[in-house]
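With chain A fixed as given, assemble chains B, C and D onto it according to the hints.
4 protein chains.
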Amino acid sequence: MSNLNFGLIGTGFMGKAHAIALRAVGTVFPEVAHPELVCLVDKNATVAQQFADAWGFESASDDWIGMCRSDAIDVVDICTPNHLHMEMALTAIEAGKHVYCEKPLALTAAQARRIRSAAESASIKTAAGFNYICNPLIAAARDMIASGEIGEVHEFRGSYREDYLADPSTPYGWRCARKRAGAGALADLGSHLICMAEFLLGPIDSVLGSLTTVHDLRPDPVSGGMRTVENDDIAQALVVFERGCPGTMEISRVATGKKCGLGLEVCGVKGSIAFDQERMNELRLYRADSRPGRRGYRRILAGPAHPDYSAFCPAPGHGLGFNDLKIIEIRNLLRSIESGDEVHADFNTACRVQEICDAIETSHNGQQWIDVSSNALEQLQLSA
Amino acid sequence: MSNLNFGLIGTGFMGKAHAIALRAVGTVFPEVAHPELVCLVDKNATVAQQFADAWGFESASDDWIGMCRSDAIDVVDICTPNHLHMEMALTAIEAGKHVYCEKPLALTAAQARRIRSAAESASIKTAAGFNYICNPLIAAARDMIASGEIGEVHEFRGSYREDYLADPSTPYGWRCARKRAGAGALADLGSHLICMAEFLLGPIDSVLGSLTTVHDLRPDPVSGGMRTVENDDIAQALVVFERGCPGTMEISRVATGKKCGLGLEVCGVKGSIAFDQERMNELRLYRADSRPGRRGYRRILAGPAHPDYSAFCPAPGHGLGFNDLKIIEIRNLLRSIESGDEVHADFNTACRVQEICDAIETSHNGQQWIDVSSNALEQLQLSA
Amino acid sequence: MSNLNFGLIGTGFMGKAHAIALRAVGTVFPEVAHPELVCLVDKNATVAQQFADAWGFESASDDWIGMCRSDAIDVVDICTPNHLHMEMALTAIEAGKHVYCEKPLALTAAQARRIRSAAESASIKTAAGFNYICNPLIAAARDMIASGEIGEVHEFRGSYREDYLADPSTPYGWRCARKRAGAGALADLGSHLICMAEFLLGPIDSVLGSLTTVHDLRPDPVSGGMRTVENDDIAQALVVFERGCPGTMEISRVATGKKCGLGLEVCGVKGSIAFDQERMNELRLYRADSRPGRRGYRRILAGPAHPDYSAFCPAPGHGLGFNDLKIIEIRNLLRSIESGDEVHADFNTACRVQEICDAIETSHNGQQWIDVSSNALEQLQLSA
Amino acid sequence: MSNLNFGLIGTGFMGKAHAIALRAVGTVFPEVAHPELVCLVDKNATVAQQFADAWGFESASDDWIGMCRSDAIDVVDICTPNHLHMEMALTAIEAGKHVYCEKPLALTAAQARRIRSAAESASIKTAAGFNYICNPLIAAARDMIASGEIGEVHEFRGSYREDYLADPSTPYGWRCARKRAGAGALADLGSHLICMAEFLLGPIDSVLGSLTTVHDLRPDPVSGGMRTVENDDIAQALVVFERGCPGTMEISRVATGKKCGLGLEVCGVKGSIAFDQERMNELRLYRADSRPGRRGYRRILAGPAHPDYSAFCPAPGHGLGFNDLKIIEIRNLLRSIESGDEVHADFNTACRVQEICDAIETSHNGQQWIDVSSNALEQLQLSA
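Those protein sequence lines, which keep their order, are chains A, B, C and D.
At position 256 of the first sequence the residue is numbered 257 (the working numbering), and the sequence of numbers has no breaks.
At position 242 of the second sequence the residue is numbered 243 (the working numbering), and the sequence of numbers has no breaks.
At position 234 of the third sequence the residue is numbered 235 (the working numbering), and the sequence of numbers has no breaks.
At position 196 of the fourth sequence the residue is numbered 197 (the working numbering), and the sequence of numbers has no breaks.
Next comes chain A alone, as it looks inside the complex (with noise of 0.2 Å):
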């Protein structure tokens, strides 16, 4: 396969993260092509060039419709806030490019739903930004559970809880803007929660949610005044799994103390797997068939027995960090476009997991359960 170029929209924390695993994912999955860093868009020229300058890019530019319907471009990249996801995703798919698109997909389901069906009309492959479950320990968890190694899945505990709005003077910004980011922890933490769940365990079948906004007030950097937020600081849920395991769900920006605190507890009846990614190097499996006086939670260390792990290091222990998820991100992307196969997550992943953050506020504003199971789903938007 000849290199692929991408074009790659923002310049922020995902935008350099990406472009760090452009660079060097041919170098850890040789099997893959290099991609070629073709094109930084930036709405402003100046920081787009000088970003493309920092990051290796061939050209800058402050024009993203440009750049999508450009013959220069196989793979648009789009690293910009959600409100934008829709639009630019729409474009790049209409002008033929294969889309690689943070999480979350859109900022409602509706919209999440357009973005699916144009992609599902055009011969390209998608992808979303749900890095955690590139995690090596993660795929084995998820081996553990399919194999029966745990036995049947009957509880699941998730959370992903981080901090960074917890202090009531941390400026408004547009995660806090229902315009531009949809809901709040819900959609920035819980996506990739759900996209977890369902990786591991399979669909989830109906939810129960709660949404709280803790701090409704924030000092508005623009206005030098207080301004509303307008989505949840913290989303609780119970939801139970097709399989008929039930769960919770944690979501929360202003969990003090927590940075990226995406934690899983998985209870079979054979045994139990935990994970924390604060500690993602580290996967705790119980297997309940030691002999009694030496079971225990064994803290199993990320290794080359772990898939994908031995293309960063073939020793155990020496540890991935967050960037290396996005070098298995984009390896799956680039595997995907060359064999054809689709790539989990791709664009319908993404979708339905938007269609459960959706159920998720449905099902608070209502005070009801919601059944998100797919027949659901799809009646739901015949209906709608």
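Watch out, some of these pointers could steer you wrong.
As the list makes no split between identical chains, a pair holds if one copy fits it or if it spans any two.
Simulated pairs of lysine to aspartate or glutamate, DMTMM-like, Cα-Cα distance not exceeding 20 Å [unchecked claim]:
no.	residue 1	residue 2
1	Lys-271	Asp-217
2	Lys-271	Asp-168
3	Lys-180	Asp-221
4	Lys-271	Glu-32
5	Lys-44	Asp-54
6	Lys-180	Glu-37
Simulated from the structure, these hints should not be mistaken for laboratory data.
Chains B, C and D only, in chain A's frame:
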């Protein structure tokens, strides 16, 4: 104060824990008088005698009513299965004895209210076996919350998970029977968690519960066949505290790998607290006001700076055990009898815990939020 | 067996720990008779009476010699500062009493050998207060090693580090005085570690020590000036066990942040064990024979599958405390008196520990390896 | 500065880690120019070409001498087995190239001194692959020590333990051969630990070592028979730093269960620091000046407040990986070449590390303390 004479009913797990603590409490806490282990009761006279000899009781009996009414007894200590609590407690109260009863107080809120009502009318002191709140580190946590050390509390995450029924081949026992245990994990473990949550954060305002019986049938050691489990293996709940803080609760007796997994996370604006009963001598504290680059959860080891610890040991980090919590619990009761102050948790508290357990079940059945504020519960009771 | 009458000397930290354990041991372990708390001795008669009342002793005395020689006493329990151990132990032995003495047994190996020799000539049982080896999980660890479960052991890393003298403003006390304490951290903490190491791995063959006094001068509460510390704050040693396994020891009373940091790591060909007294209810076990990708240190929680645990509690993970180790230690002594079997650790073991402590100091002074094999020590003694 | 052209020798573990880092460094740290991956060298031309293609090098070669002398190369990057370091480094230095060499620098201190001497005479920059000191949290730890934040340091406990040769059936390899590896665990792992120790605490003054070969014979994949291991599996040492602080070192390649167990504990009068490379994104800090009851080791997660972290990720707790340390290491070299400042660790530092390794072996052989102060080593060298 002259020594208090104890009559203890029950020769199981809790019976022994109480007996050990009764023996030791006066030495650990010289400010209270050594209780006298006067009479041990079991329905089987031989067993009663055997355990009385073993544990150091002066006498044994198979007549719990007689013991309750005996002039030789000051305090009746009830360590029997749940369904016996009400009759025994009422009998002891009627006889004018102080009563110390294991949790949960009763099978239902209605039963619990009968006991509470009787106790309120009598000139006695009561204590319920919610031992986990007696931990010096929990006292410290409560102080951190009450004093504002972690700021306004806005998020609670609680769990109590064990795995004693995770294995479906574990036989049917009294804990699986509605008439003997009441609820399942909710009554056995959830009652502890609810008591703890209100001890730390004040009253819960409303609950939404979801119960699951994972293993519907268990081998019946009596019939040799299978028998239907009549209560919950898992109880999950969303809660809102009266102070406005939202919370989640995860309660399970099938959480493979968890042995005494009473876990708490309390987030405030200025800091957070985390606790895990499996590491009962550690409290984790995060303070947001440390300088950047130096913030992190502290692992505080129990020590003389925490209430009651120094009575056991003058050196920090040497560790208390489960039975030591019982010693503190009994000290609380003895002090209450002497001083006239109420003990926490007394039957009033235990009754409220029961009401919240019942509300969680009711909520589960009706799939809706239930108001458990004091006012609401009073109304409910009046209308019943 | 009829109950044994105890006379206890000392009203400090260890005195109270012993008193609590003496009260509780018969209830925890019904197979041994409840010991009688007959007489409490303090050099100050008022203090003695006060503590006797508080702790539940029948009588008090300021005459330890009289108590030792009294017909009312079966067992003399010595909880005084180190420099008093020898005279008291010899007096008790001479009076034909069983002797239970806190560690270290004496100030020097020469003293310890005198005690050992006297004890060997008498028809008594002895026990030394090396309580940490009484932990059910340490018994489990010993079994893992002895049974070959972790294979041939080839690496040992031990430490016992606290911080009670880390602060240079902490006043000079008896532990700093050569004539009252003997060595410093080495005697107080190192003796525990040495006892534990030999308990687990068998005899040490040779040692090379290095001692450091970090804070040479401390405020003297008597004179108001500064006083010279006469022993080590830190003792470090290389050791080789007779089985050929090399090891290191790190002993410190100035290890800021460590409260009860008795730590062990034992590596064998097939597995490894790790233990930290600050988490005394956890043993970590690594098994190299797990399948690739599933290997990791297990965190085993103490439970009924481990020796003696179930006497305290039938449920796993509920946790023992420091004082519970004393209960097991006293049970061992009581059982030994009844059965005639030796207790571990008796004065013979305690003497050997002292000899190794002395050898580490000698090694430090001469900057060379010292042979501490049984043969060598015997030779040494003969030539002394 | 124009981009620097790299020629890399070696296609193993370290070769790939360097290649990944060379690709990514300019994007992570825009302040340095993107290095050019000009030539990859392997002794086998086909292998060289294969890896050059895979990793993104412009050309391949089986002629390392030619590469070293080529005008197209600015920096020679040596990732070969230890015994090749000297000749390659000398050749590259002679050709006037900057040199980046994996650790240990050489087989012996004599070799290392030859390299150091050559490098000093040339106008080049050097860097040695002691990547663990590049961790942002280690920079933070160094700052805590240097600034007095933990007070005068008085105790050091270091270890680097892995288990790659714990299994006696693991075949004999070049690391077991004196002529190819030099020392065993001491050279491979101990060199890292020594470098780290001096990076944090300053120069070591004296050492006393003890080496052990646990598995004397290993299967020889060449002969099919057994072959004698020629160096240490375990190296233990007592050390004293010039600042007066005593320390211990435990180095092992047979520490079953340890995968990347580089561990540090540094105690000062006012606080302590602990670090474990297996959790490389956490630094534990204890501060003795917290109020009583609130003291405990903090678990600080790596974040933007720590040097260099923010170049990878603006959000705390998201985690760096092993390869990210290599990115920082290469950034250091690039910056050094541009600025003229020395990099830490350069060949001067690497030589000193080698001298201390040699001294530990010498000490082991002579069973005595060895002076490793700068003066002493200079004397030693002069007299050699």
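Discussion item. Tell me the hint numbers this structure goes against, listed in increasing order.
Written reply: 4 and 6
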